[in-house]
Every structure is written in structure tokens, then in C-alpha cells.
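Student: For chain A, the structure is supplied; the task is to place chains B, C and D on it using the hints.
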Amino acid sequence: MTGKERIARRIAREFHDGFYVNLGIGLPTMIAGYVPAGIDVMFQSENGMLGVGEPPTDECADPDLINAGKQPVTELPGCSFFASEESFAMIRGGHMDMSILGAMQVDEQGNLANWTIPGKMVKGMGGAMDLVAGARRVIVAMEHQTKDGASRILKECTLPLTGQSVVHDIVTELCWIRVTAEGLVLTEVVEGMNVAEVQARTEAKLLVSPDLCVMTVDALV
Amino acid sequence: MTGKERIARRIAREFHDGFYVNLGIGLPTMIAGYVPAGIDVMFQSENGMLGVGEPPTDECADPDLINAGKQPVTELPGCSFFASEESFAMIRGGHMDMSILGAMQVDEQGNLANWTIPGKMVKGMGGAMDLVAGARRVIVAMEHQTKDGASRILKECTLPLTGQSVVHDIVTELCWIRVTAEGLVLTEVVEGMNVAEVQARTEAKLLVSPDLCVMTVDALV
Amino acid sequence: MNKVVPTADDAVVDIAPGSTIMLGGFGLCGIPENLIAALVKRRITGLHTISNNMGVDGFGMGLMLEAGMIASHIGSYVGENRRLEALVLKGELDLTLIPQGTLAERIRAGGAGIPAFYVPTGLGTVVAEGKETRKIGDRTYVLEQALHADVALIKAWKGDRLGNLVYRKTARNFNPAMAAAAKVTIAEVEVLVEPGELDPDHIVTPGIYVNRIVVGAAYRKPIESKFIQSGGAL
Amino acid sequence: MNKVVPTADDAVVDIAPGSTIMLGGFGLCGIPENLIAALVKRRITGLHTISNNMGVDGFGMGLMLEAGMIASHIGSYVGENRRLEALVLKGELDLTLIPQGTLAERIRAGGAGIPAFYVPTGLGTVVAEGKETRKIGDRTYVLEQALHADVALIKAWKGDRLGNLVYRKTARNFNPAMAAAAKVTIAEVEVLVEPGELDPDHIVTPGIYVNRIVVGAAYRKPIESKFIQSGGAL
Chain A
0 MTGKERIARR
10 IAREFHDGFY
20 VNLGIGLPTM
30 IAGYVPAGID
40 VMFQSENGML
50 GVGEPPTDEC
60 ADPDLINAGK
70 QPVTELPGCS
80 FFASEESFAM
90 IRGGHMDMSI
100 LGAMQVDEQG
110 NLANWTIPGK
120 MVKGMGGAMD
130 LVAGARRVIV
140 AMEHQTKDGA
150 SRILKECTLP
160 LTGQSVVHDI
170 VTELCWIRVT
180 AEGLVLTEVV
190 EGMNVAEVQA
200 RTEAKLLVSP
210 DLCVMTVDAL
220 V
Chain B
0 MTGKERIARR
10 IAREFHDGFY
20 VNLGIGLPTM
30 IAGYVPAGID
40 VMFQSENGML
50 GVGEPPTDEC
60 ADPDLINAGK
70 QPVTELPGCS
80 FFASEESFAM
90 IRGGHMDMSI
100 LGAMQVDEQG
110 NLANWTIPGK
120 MVKGMGGAMD
130 LVAGARRVIV
140 AMEHQTKDGA
150 SRILKECTLP
160 LTGQSVVHDI
170 VTELCWIRVT
180 AEGLVLTEVV
190 EGMNVAEVQA
200 RTEAKLLVSP
210 DLCVMTVDAL
220 V
Chain C
0 MNKVVPTADD
10 AVVDIAPGST
20 IMLGGFGLCG
30 IPENLIAALV
40 KRRITGLHTI
50 SNNMGVDGFG
60 MGLMLEAGMI
70 ASHIGSYVGE
80 NRRLEALVLK
90 GELDLTLIPQ
100 GTLAERIRAG
110 GAGIPAFYVP
120 TGLGTVVAEG
130 KETRKIGDRT
140 YVLEQALHAD
150 VALIKAWKGD
160 RLGNLVYRKT
170 ARNFNPAMAA
180 AAKVTIAEVE
190 VLVEPGELDP
200 DHIVTPGIYV
210 NRIVVGAAYR
220 KPIESKFIQS
230 GGAL
Chain D
0 MNKVVPTADD
10 AVVDIAPGST
20 IMLGGFGLCG
30 IPENLIAALV
40 KRRITGLHTI
50 SNNMGVDGFG
60 MGLMLEAGMI
70 ASHIGSYVGE
80 NRRLEALVLK
90 GELDLTLIPQ
100 GTLAERIRAG
110 GAGIPAFYVP
120 TGLGTVVAEG
130 KETRKIGDRT
140 YVLEQALHAD
150 VALIKAWKGD
160 RLGNLVYRKT
170 ARNFNPAMAA
180 AAKVTIAEVE
190 VLVEPGELDP
200 DHIVTPGIYV
210 NRIVVGAAYR
220 KPIESKFIQS
230 GGAL
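Residue numbers (numbering that gives the first Met the number 0), protein chains in the order written: chain A, 0 to 220; chain B, 0 to 220; chain C, 0 to 233; chain D, 0 to 233.
So here's chain A without its partners, still in its complex pose:
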């Protein structure tokens, strides 16, 4: 199991039947593949769709039916389409149970940076700022460190923020971290790792939950 798969599988276990969830581009999109059996989750795509299905075969791809990553998708029964201002009314209005997105940096205050590197990258924030400001629960799904081994979980973000104090949870291939008023609290660590090893890979100070446990990624049945 790759680290990314572990992250996706673990987060999928958080879903409840009837959840409405927005998945960011990249790693978070993988989560849709691991929804536990018997759980109905409706995935939203902020370009104007609720009830996003799996990617189509190449022959069935419809240019009028894409997700926010501009990739072709399919319709689930009971899906619906709506305009952009409606889609973001839904997001901003607190109707999404969960928004799961990637990050470049997260910090001890739950600040998130995932949209720009000044002077280097001109892309735009897309819907990320709206999602983190509006969803009931914001989960960051990302690899614990950069390719160079630098920590992405910092005392304070150095890149321009996507949102201020918006992150509720951080999930990496190593651990689950809850963002609390007291700081970052380690609640789960993968088998074969211990708290000291996770802290060594993390710039931010990690508090340890009294209920710390091993991260389990199998679906609950």
C-alpha cells in the first residue's frame, strides 16, 4: 500500500451515510475509490455538480460533463447540476459536511497554504479559499514531507495563505493530527512509527492525545 493510498483509505473511514463531500484535485480524488460498502456519500464538484460518479471510459467521455479538475466524470442516479454561484452558495453556506484538500503547508493555528508560490507560480486559488471558509470540516490530505524531506506541518506558514484557522484535521501517510485551540494534537500514528519519529519529521510542535492509537485503514464494515 502506498502512502497516498493509506491516506485515502483512512479518510474514507470518516464518511457517514448521507455525507456531502468535496474532494480536491489530486490525492483527495483517490478517496472516492475507498468509500465503505453500505455508505452513500454524494461527492460535489464545485464547477456545478452533486453526485459525481467514476471516470468514464475514453469513448464515453462527455466534454459537457467534467469535474473541477477538468477531467471527465460520470453521473450517479440522483445527481444534479447547477450554476457556479449556486455551487458556491452551497459551499459558503455551510452545507458541505467535509472538504478534503491537499496542502503545501499547514501550521499550528490551522492556517493553510496551498495555492501559490510568490514569483514562481501564477495559477490561482480556484475554489480552495471558498471551500476552506465554508465547509463544516476541512481535512488536509497530504504527504507528510516534501520530496526534499522538509516538513509541511510548520509552526507558521511561510507561503501566502489559502485560509486562516480553517483546517480541522491533517492526515498524512504517517499520522492523524487534530487542530485544536491548544495546538496540533497527534491522535493516530501508523504501525511501525512512534511519536518521536513523527515529531522528528514535523516542524510544528505536536501534542499527544491521551487516546493516541494506531492508524487503521481497513474499511469499517
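Errors might be hidden in some of the hints.
With a straight-line Cα cutoff of 16 angstroms, these simulated EDC-like cross-link-like pairs (lysine to aspartate or glutamate) come out [unchecked claim]: (1) D/Lys2 - B/Asp39; (2) D/Lys2 - B/Asp16; (3) C/Lys225 - B/Asp57; (4) C/Lys220 - B/Asp61; (5) C/Lys225 - B/Glu58; (6) C/Lys157 - B/Asp63; (7) C/Lys182 - A/Asp96; (8) D/Lys220 - A/Glu58; (9) D/Lys182 - B/Asp96; (10) D/Lys134 - C/Glu131.
Some chain D residues close to chain B (C-beta under 8 angstroms, calculated; not the full set) [said to hold, decoys possible]: (11) Met0; (12) Ala179; (13) Pro194.
Everything labelled a hint here was simulated from the structure, so no lab data went into it. Glycine residues also receive a C-beta, built at the ideal position from the N, C-alpha and C atoms.
Tutor: Below, chains B, C and D alone, put in the same frame as chain A:
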């Protein structure tokens, strides 16, 4: 021809092909019956319809298809239905070419009072305040005087306002009055009346247009 | 995911006295008549209602008023309800009248995460009294606040068990905006269909906004202008 | 009432240099590709564009960029257009990036007569810099202004000669909001139908918002993720 019919026929002559118009309850509703041949006007009803048709026969009345006066109506080809917030986005956003409504009082500043009599009447303004604030041109269609012979066109409204400086034109069975920055300007008088006779029935000071003419009510063909 | 409840009584069973309730409809058109009837059976009091109108004497919200359930009301027009007029003039019901478009937009804002916005409507009238005004560009505007509710009772034409809804003709009115502005939204429909039967391009209220859906047991749907002429004898 | 114009060239013939233009679409999905092509033929310059994206190198608004027509742009994401990135880093194009939901709502506000409104989005980030913030209830919000345009170029699936429009699947996106926010709205459609053929309950953009309607001569509708992978060789 009754006075009300004269008012309705005269205002109908103001329509251009392609106009979108909201007609208030009562006298203004009559105007729909006098749209000149060859002119397509789409009537809006603020409860959520564009393209309102004539009243149905009793047998054909559909409780799901009413106008803002709660009366059954019919559909014209090309009509559309929308929600209340959309309907008033349309009105407030300046998309209606014309809003025509009744009044209890209008004054020299173009102030309009048509929704309440303190201590006597608890009804509500409905959509009237939105219509006068949003339409490109607001025409008051009303009988020149009250049943008791009092002027409805005043130096200053005494009743609570529906809108401040919102009226563009006042049309009565006697005359057409334009509201300008200089005051109320008499532009048309019905045959058999003169300026002095109209002024005698009007509390507000009337200026006389250099282009004053006789009010003609036949449709332009 | 199944939001269907068996009866209107079940749908409203936990609405608490003193709740703020939005009720869809324009006049008697598109009102949740079965949910209102179920609520009236419960006789809970002290309700704060938000609805464009107040039904008529003898039907719709008029029944709630007659049962003494309503403590305050926000709406735009209540002219067809003589009982309300009397209560208000006697000071026994707290009535707030606001422009219909402002009402609709305040409800939409409540659902859309917009706490406040500016409108030109009502400037220089009593509805602007006590409100902040502000010049933006060359015009002065009034600041209006979002409206929220504990419960929204709405009416649609067809719906599915996921809560997706479509409306029929002018019975749409305030229902979609209210669906999004309440903590719990309860929808009654005339027809329940299977998920996928409603064309996804035609769905007006996506199921995310709806918590419970019930098929109305019976629909009277009186036409208000005739109802009033005939003295409620329909 | 007949808003149909024969060709896309006719539809855009009077758009002036220096105009502010809204363009519908999300990525390459639901963009007015025929109107853009017609505009590119005219090579007018100094345009101020408002659109969620900026096409890609070689298609959609990317063609306008390559023709040097765009002076400034407001959008939420331009990551697929390498040429734009270069122009911006060199300071040759004035780019304003704003959150997608704020962009959509500012456009809606422009059409709805709401000059400004508060949102939680972007508080404490660069997008709130220089903007008024305000505590409402227990949260702090950012004041955002309505967006307007001289012209909106939009794309729908079907339309009639009165300008009524319906959209197909996720090709709806920004098109309906933009239709209402411009002085002149020009819609291209795949299919023109007779008034009455579109179910009035299904119409998304009522004709009141549309000034001109044209049937697109041809539709390529490339799928962006594949278009980019294949280097625009579709």
C-alpha cells in the same frame, strides 16, 4: 371609455417591441389588454413568471399558475418560471424596462406612497418597494383624485413612502405628467380639459411643457 | 441514503415550541399544506414564522394563527388575513413587514453564507429606519442581514428519496431559497420518484438542502382569489 | 421579438476595443467557442476580461491572449495557460485572481442589483488586503463588490428566439450569472428551438437577460485534461 380604460390605453402606447414590463395589481393589470398589434411585450409577475398570458376560463384555472395578485393566469409560448429570489434579482438588477403601478399619493419629488395608512391598514408592501427601486422606468397609473375629490398629486406625500424619488411618469384619466429635476411637468392633457382645469384638481405645482399636446389613446399602428 | 418519512405527522414531530420556522409559498400557491396541517395538530406555541404571506382566514398559515401558535411573523404581505390585521392592531402579534425582494434575498443570503448585503430597496422609507446606509458609486444603499431558521417547511411537485426536488410553475416561489436557509428542511411533495428519474439538469433544489421528504396525503390547493370571494367555502 | 442573429461574426460586430467582457465557461467546458473565434478575427485590443479561467494555449480564450487582445483579466484559476503565466510574470498583463465562489457571487450581485456583500472567504489572506472587514455575529467577513461588464459572451445548449436558454450538465457553470451582469449579453447555442418548446419550468436563463442569440457554426468542445496531454493536437 372609462377613465381607467383611457389610462390603460394611453400607457399601452408606450410599449416597444421586446419590452419586459411588470404590471401592478388593479388598474395596471388592465393595460395588458391594450398592447398594440405587432408589439411583443413580455409581462413579468414578481411571484416568479415571465410571459404571463390572459386569465384562463374557470375550468382551466391552475392553482399552481397565478400572478402576484393571486389570480389564475395562463402561459404564453416562451414563458418561464423562476424562484422569488431570482425574480427580484431580475427586478432589482434593472432588467425590467417598465414597472407600472397604482398609488395613493405621488409628490413633486417623485416620491410614491401606495402601501399603508398608519393605524388603519396592515397589509404590507409586497414587491412594490423592490419594483420602484429597480425598474428602469416607473409609471404611476391612477385616477387623478380620490373618491372624495382630494388630490393624489401632492406637494409632499403625507403617507409613509414606498420609494423616494422613484417615479418617472404619472398618468391619470386627465393628463400625463413627467417627473423632472425641476418638478412636475404636464406634457399631455385629454381633450376637453385645459391646463388650468388640471391644475385646479392638483395640489402639486404643475409646470407646462413647451410641447404640451392632447392625450391620444388610440393604439399607434 | 433515504430521507423519506411516512407521514406529515412524523415529519414535524420534533419541532419545538418557540422555533423559528420558514414556510414556502406565495399566497396559497406552493404552500406545504400537509405539513402545516400536521403542525397545527401539535398546537405548539411561540413560533416565529418567516413567510411571504400568512395564508387566509381558514387555510394555510391562517390555521396556525387561529390556533394561537404564532408569536411573531416576518413577511411582505398579509392583506388577505383579517385575523392577523386585528391581532397586530391590538399589539398581540409582532409583525415585521419587509419588501418582498429583500425578504427573498435575505433568505437566499442565509443559505449562501452571506451575512449581509446592500440593496437600493426601501431607501428613504420606514424599512430603512435604524439600518445602516452607504453610498456606493452614485447611489445610496441599505444594509440588510441574512435570515436563518430552525426549520423550513417547503412544498415541491416531485422529489426523490435523496431529497432532490422540482417545482411546478409559480408554485416554486420562496421554496428553494428557504430549503437552503434552515437547520432542518422538511419538504412535502405530490409525487415521489426514484433517484435518476428527475433529469439532473432540471433539479431545482439538490438533495443536500433537504433533510426529510414526505408525500402529502391530500392536496386541496385552493385558488386564493376564488377562495376569498367564496368566503372559504371551497 | 426575435433576437437571433445569423452568424457569430454578426453577433460580435460592434464590440468596442477596451470593452469589459465576461466569458462563460469552466476550463474549456461551456465556453462560447464560436463567439470567441469571431472576436479573435476582429483583433480588437485593450479588452478587460472576466472569466473563471483563460482557456489553454491554442484554444478558447488562449486564442485572444495569443492575439494580444487582453489588457487585464479577472479570474480564479489560469494554471493551464502557460502563455498567460509568462505575460504576468513579465508584467505585461494585469491579472487579478480571486476566489471562484467570490467571483461567481460578485457576478451574480452585478446582475441582481446588489452593489456589495460580505463573505467569509479569503479573510486573513491576500485577497482581503485593502478590503473592508467587519464582524457580524461571531465571525469576521470581507466586503466584496459587484462585477459588471459591457458584454457577456455565453454558451448554452438550447435556446429560442426570445433568448430563453437551457444548459447541459456541467457546461452551465458561470454562464447564467454572466447573462444577467452585462449591458449586452450574446448567447451562442447548439440548438435553436421554437418558443414554447423549452419547458418553462426548465428554463435556466429567461430571455430577458439575452440580447442576441446565435447558433454556433461548429463545436469542437475538446476535453481539457486530454487536450493538454495531447499538446492541443485534438
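Student: Taken at face value, is the distance from the CA of A/Asp96 to the CA of C/Lys182 at most 16 angstroms?
Tutor: At roughly 13 angstroms apart (the allowed maximum being 16 angstroms), A/Asp96 and C/Lys182 satisfy the hint.
Student: Against the 16 angstroms threshold, does the CA-CA distance of D/Lys2 and B/Asp16 hold or violate the hint?
Tutor: Between D/Lys2 and B/Asp16 the Cα gap is close to 11 angstroms, so the pair holds against 16 angstroms.
Student: Tell me if the straight-line CA distance from D/Lys220 to A/Glu58 falls inside 16 angstroms.
Tutor: holds, 15 angstroms
Student: So if I understand the rule, the pair passes when the alpha-carbon distance is 16 angstroms or less; does C/Lys157 with B/Asp63 pass?
Tutor: Distance of about 13 angstroms is within 16 angstroms: holds.
Student: Taking only the CA atoms, is the gap from C/Lys225 to B/Asp57 under or equal to 16 angstroms?
Tutor: holds, 10 angstroms
Student: Between the alpha carbons of C/Lys220 and B/Asp61, is the straight-line distance 16 angstroms or under?
Tutor: Roughly 9 angstroms separates the two Cα atoms, so the pair holds.
Student: Next pair to validate is D/Lys182 with B/Asp96; report whether the Cα-Cα distance is within 16 angstroms.
Tutor: holds, 13 angstroms
Student: Would the hint on D/Pro194 be counted as holding, given a Cβ-Cβ threshold of 8 angstroms to chain B?
Tutor: holds, 3 angstroms
Student: Per the CB criterion, is D/Ala179 less than 8 angstroms away from chain B?
Tutor: Hint holds; D/Ala179 Cβ to chain B Cβ min 6 angstroms, cut 8 angstroms.
Student: Is D/Lys2 close enough to B/Asp39, meaning Cα to Cα at most 16 angstroms?
Tutor: The hint holds at about 12 angstroms.
Student: Would the hint on D/Met0 be counted as holding, given a Cβ-Cβ threshold of 8 angstroms to chain B?
Tutor: holds, 4 angstroms
Student: What's the verdict on C/Lys225 and B/Glu58, does the C-alpha distance respect the 16 angstroms limit or exceed it?
Tutor: Since the Cα atoms of C/Lys225 and B/Glu58 sit roughly 12 angstroms apart, the hinted pair holds (cutoff 16 angstroms).
In the structure shown, no violation is registered for any of the earlier numbered hints.
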